[in-house]
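From first to last, the protein sequence lines are chains A and B.
FYI, my numbering numbers position 116 of the first sequence as 116, with every residue one higher than the one before it.
FYI, my numbering numbers position 16 of the second sequence as 16, with every residue one higher than the one before it.
By construction, these hints were calculated from the structure, which means they are not laboratory data.
Backbone N, C-alpha and C define an ideal beta-carbon position, used for all residues, glycine too.
Wrong hints could be hidden among the right ones.
FRET-style restraints, in silico, Cβ to Cβ [what the hints assert, rightly or not]:
| # | chain 1 | residue 1 | chain 2 | residue 2 | range |
| --- | --- | --- | --- | --- | --- |
| 1 | A | Y118 | B | D9 | 58 to 64 Å |
| 2 | B | K12 | A | T56 | 30 to 36 Å |
| 3 | A | A128 | B | N84 | 38 to 44 Å |
| 4 | B | K67 | A | Y51 | 19 to 25 Å |
| 5 | A | E172 | B | N54 | 44 to 50 Å |
| 6 | B | E17 | A | Q34 | 18 to 24 Å |
| 7 | B | T44 | A | K57 | 51 to 57 Å |
| 8 | B | T44 | A | F60 | 47 to 53 Å |
| 9 | A | T131 | B | N86 | 28 to 34 Å |
| 10 | B | T11 | A | T131 | 23 to 29 Å |
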Amino acid sequence: MFRYQNNFVTNEKGKVIAVSGGLDNENRNIVMEQKNGKVHQRWRIIYVDEYKGEPTKGQFNDKFGLYVERDFYVVSSLPDNRYLDLINNRNMVIKTKNGRRTQVWYFHQQSLTIRTRYNNQSWDIKSAGRTNDMQIWSTNSGWFQVFKYQGNQFINWSNSKVLDVRGGKDVEGNPV
Amino acid sequence: MYLDKAKPDQTKGLNTEFGMHCNRPFYLVSRLPMKRVAEMLGGTNITLKRYVKNRLAQKWSFDCVSKTVRSEQWKNYVMDIQNNGNSNNFRTVSSKNSRWW
């Protein structure tokens, strides 16, 4: 028997249900733990008849600061206002506007990633987040693929690092 | 207790002792940033998953009679701690017994 009290689902022995290892990953097991109050032990009960669901195409996702599946460019604030683009259809760089679909992006609600219109792959920090280089890659919604737009910056949801032009150099083809 | 004097079982409304509404389907939503929900997998384990509209395996409801939380997909399955509560594994079982685990 379980009780829902103050954001915890608890039993009479004082254990609570929790996300295993505290990792916010898809398919993560849910387990029983001694209560420690951390966020991975906290839950909301939202009744189905009150659940608003997620934003659909054209609606604004306020948590991510982006409209769902509404195409956009990413324009650098450096003086020449170059556009976020790809070289070798893989690695992210800044380039002058050229009309290619590699410069067109959209927010994909189901995966919570930003995708390219070129081949629908997602923004990705290389090597599963162990480097600083950006690329596009098959969508897996790992933490290294999830970004929000806030205060004119694209911020990784997990480590709070921001999208940055390498060295601040406003040069054609400079990596991001 | 004579049957004609017994209070009827609660079948709707908030059960204040357990903090859940009776027989009203709900999502169990994690407070972690991605707001994933608890989903029953293949009739046993419960895992964290992205919300999918109308996926019954993500819906749960509180049965005020047995005091258990049951799956809306497999309605005879209820939340349970494996090994009579001696494990940390949280899952669902069909052998509802209303014991503390």
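Okay, the hints, checked on the actual structure:
Against the hinted window of 58 to 64 Å, the Cβ-Cβ separation of Y118/A and D9/B comes to about 59 Å, which satisfies the hint. As the Cβ distance of K12/B to T56/A is approximately 31 Å, the hint placing it in 30 to 36 Å holds. In this structure the hint that A128/A and N84/B lie 38 to 44 Å apart at CB holds, the actual value being about 39 Å. Judged by the Cβ atoms, the range 19 to 25 Å given for K67/B and Y51/A holds: they are separated by roughly 24 Å.
For E172/A and N54/B, the Cβ-Cβ distance of about 48 Å falls inside the hinted range of 44 to 50 Å, so the restraint holds. A C-beta distance of roughly 23 Å is found between E17/B and Q34/A, which places it inside the suggested range of 18 to 24 Å. Taking the beta carbon of each, T44/B and K57/A are about 35 Å apart, not inside 51 to 57 Å as hinted. Hint check: T44/B to F60/A, Cβ distance near 38 Å, so the stated range 47 to 53 Å is violated.
Range check, T131/A to N86/B: about 44 Å between beta-carbon atoms, so the 28 to 34 Å window is missed. Remark: the range hint 23 to 29 Å for T11/B to T131/A is contradicted by a beta-carbon distance near 57 Å.
The earlier numbered hints that this structure contradicts are 7, 8, 9, 10.
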